[in-house]
Structures are given as C-alpha cells and as structure tokens.
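With the sequence shown counted from 1, adding 203 to any position gets you the working numbering.
There's no promise every hint is true.
To be verified - Here are the simulated EDC-like pairs of lysine to aspartate or glutamate, each with C-alpha atoms no more than 20 Å apart in a straight line:
no., residue 1, residue 2
1, 399, 375
2, 261, 307
3, 447, 431
4, 294, 462
5, 447, 398
6, 401, 413
7, 404, 375
8, 296, 342
9, 404, 427
10, 444, 431
11, 348, 375
12, 406, 431
13, 261, 391
14, 425, 398
15, 454, 398
16, 401, 391
17, 444, 427
What the hints contain is simulated information worked out from the structure, not anything from laboratory work.
From a predicted model like this one, the values you see are computed outputs, not experimental measurements.
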Amino acid sequence: MRYAIFWLFYFLLPMGLSAQESTASKNVHTFTLYAPELQTTKTIQLYLPSGYGTSKQKYPVIYMPDGQNLFDTATAFSQEWKIDETLDSLKTKVIVVGIVGDNDQRFYDLSPYPNVKHGDGNGDNYIRFITQTLKPYIDTHYTTKTNPRNTLIIGSSLGGLLAYHAVLQYPDVFGKAGVFSPSFSYSETPYTLTEKAKDIKAKIYFLAGDAESDTMVEDIKKMERLLDRSRCYCLMLTKTKIVKNGQHYEKLWREGFAEALHWLL
C-alpha cells in the first residue's frame, strides 16, 4: 500500500509545478529519432563529455529511460538527477543517452511484463528500439565503444525493472546495469527468468532506500540470492547499496548515481 502511495505521489507531483528555466549544461544536446519499434518519434537528450570531439577517443555509453528527468529542471517531472553537473565534475568520461518519456504512458512503455492492474507492457519493444534503432544511430554518429562491456543501462523504479530485464535478455548488447529502486513487485517474471538463466555475466548495481516501500529491500535481496545461485559470488558482479531513510524520489537516485557509475565502470 505504501508503495502505491509513493507511485501516485511521484506521478502527480509534477502537475503542480510551474515552468522553470533550463538548468541543462552546454554539454547536453537534444534531437528526435523515429522509433519504428514503438511507432512514434522519440526525443533524445544526449550528454557529451567535456572535450568531446577534440580527439579520437571513444567513450562508453549509458542508455537511460526518463530522459526528461536527467539533466534539466525545466523538463523534469519533479526533480532532476543533475547527471550533467555530476559528470562535468568527474574525471570519468561517458556519453549518456536519455530517452524522454511520456508520463501518461510510463507504465506501458517501461514494463516488459504484463501486470494485473496495468495490463500488457511494451518494455520489450522499448528495449528493441534501443538495440535496433537508437544504439546503431549513436554508434554511427558519435565516437563510442560499442561492446557490451562499455554499454550500460541505468534506470529507476519501472526504469530499474527495465534495466534489469535488458541485461538479462540482451546480454550481447548490455553488459552492465544500474538498477535503482526497481519495481520488482510489479511482476514475478524477472524472478522466474533469473532462476532459469544459466550464465548471467552482467555487472549489476542495485540501489534502494529503506523507506521506499514495505517490500523494496527484501525484493532486491531475493533477486541477489537468485543471482548468486546462477553465478559465483566470488566474481563480484553484483553490488547493493541500501540508503538509510532513502525514499522513492530523484534525490536518492541523484545522490547515488556517481558511486554506482564508478563501480560499474
């Protein structure tokens, strides 16, 4: 019940926000791309690291849903992650590809599994858009490291569920995932898929707060146990951080992003 209230507040909060000035750094660029897998045109917010274009250096790429929340208060539903400011201050150089979402379509767009309340999900097609259309476009137009080791997906809430599904089902594309406050309670399917998987090689970073929902922390621990059965714990491919008093909002994910990225890379 508490989780449902969090979700409701999380989605309704932006309706009361007034227009704000852009806070995106000069390293953030916006373009549109037709997504045949979704039968729509998607807006992409792209972060290029400082110094991009001055050398032949190739960069890892992070794909992230909810692109409207990553860089700019003016486009964010509630708060932004401030990923551009964070990366501008770090020595780590990566490209971030944020896929702007539609709040009214979020359950449908990001869930790769059906749900009793919300019906079928379109998450598989969403990931197919990334793998078949968006990633080839990014790799063609920008200097990227294209292998799974340097292709990450990071998301929160339903986006965290999507990120986990992506590394589970598309290991030849995504080698690393930041799974923040994942909506594992949305479906039993990710547990079943994890149990059946024989060789999960992806690095996975779980982040959650202990004040999110009644089941969030236990859901992640359950998934950790399943992962440990399918691969040796000694490989150190899984890490979990539980934040005391952490809640289901951008503040948690914003403050945890740099540490997660450092470990994943």
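Quick rundown of the hints versus the structure:
no.: 1; hint: 399 - 375; verdict: 18 Å, holds
no.: 2; hint: 261 - 307; verdict: 36 Å, violated
no.: 3; hint: 447 - 431; verdict: 24 Å, violated
no.: 4; hint: 294 - 462; verdict: 13 Å, holds
no.: 5; hint: 447 - 398; verdict: 29 Å, violated
no.: 6; hint: 401 - 413; verdict: 30 Å, violated
no.: 7; hint: 404 - 375; verdict: 10 Å, holds
no.: 8; hint: 296 - 342; verdict: 16 Å, holds
no.: 9; hint: 404 - 427; verdict: 14 Å, holds
no.: 10; hint: 444 - 431; verdict: 16 Å, holds
no.: 11; hint: 348 - 375; verdict: 14 Å, holds
no.: 12; hint: 406 - 431; verdict: 12 Å, holds
no.: 13; hint: 261 - 391; verdict: 39 Å, violated
no.: 14; hint: 425 - 398; verdict: 11 Å, holds
no.: 15; hint: 454 - 398; verdict: 32 Å, violated
no.: 16; hint: 401 - 391; verdict: 18 Å, holds
no.: 17; hint: 444 - 427; verdict: 12 Å, holds
The structure is inconsistent with the numbered hints 2, 3, 5, 6, 13, 15, although it conforms to all the rest.
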